[in-house]
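Asker: Taking the hints into account, I'd like the entire structure generated from these sequences.
Just so you know, this note's numbering puts 33 at position 16 of the sequence shown, and the rest follows in order with no gaps.
Quick caveat, the hints were computed from the structure, so don't treat them as lab data.
Think of the CB as a built atom: it goes at the ideal place given N, C-alpha and C, for glycine as much as any other residue.
There are no misleading hints in this set.
Computed Cβ-Cβ distance ranges for the label pairs, DEER-style:
hint: 1; residue 1: G60; residue 2: T36; range: 30 to 36 Å
hint: 2; residue 1: I71; residue 2: K45; range: 36 to 42 Å
hint: 3; residue 1: I31; residue 2: G64; range: 43 to 49 Å
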Amino acid sequence: MLSSIGSTVQRKIIEIFQTLKLAKKTSKDDYFTHLRLVLLALGAVGGIGFIIKIVGELLFVNK
18 MLSSIGSTVQ RKIIEIFQTL KLAKKTSKDD YFTHLRLVLL ALGAVGGIGF
68 IIKIVGELLF VNK
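Answerer: As structure tokens, then:
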């Protein structure tokens with residue numbers, strides 16, 4: 018039982034290393050483009066949440 022688990026783990030680790038060998042490193046330009054997109058999306062979602070919270074508080078302020 019333990020030997021089959023050990024061989025499965027070892028096989029997965031080998032697959033991970035093979036994948037890392039094939040992966041290419043992205044350029045700084047691509048990295049910063051993706052970073053800007055992620056930050057923009059994060060800001061948009063946060064802004065929408067903030068607007069919903071403010072509207073909710075204004076509508077139900079007396080209840």
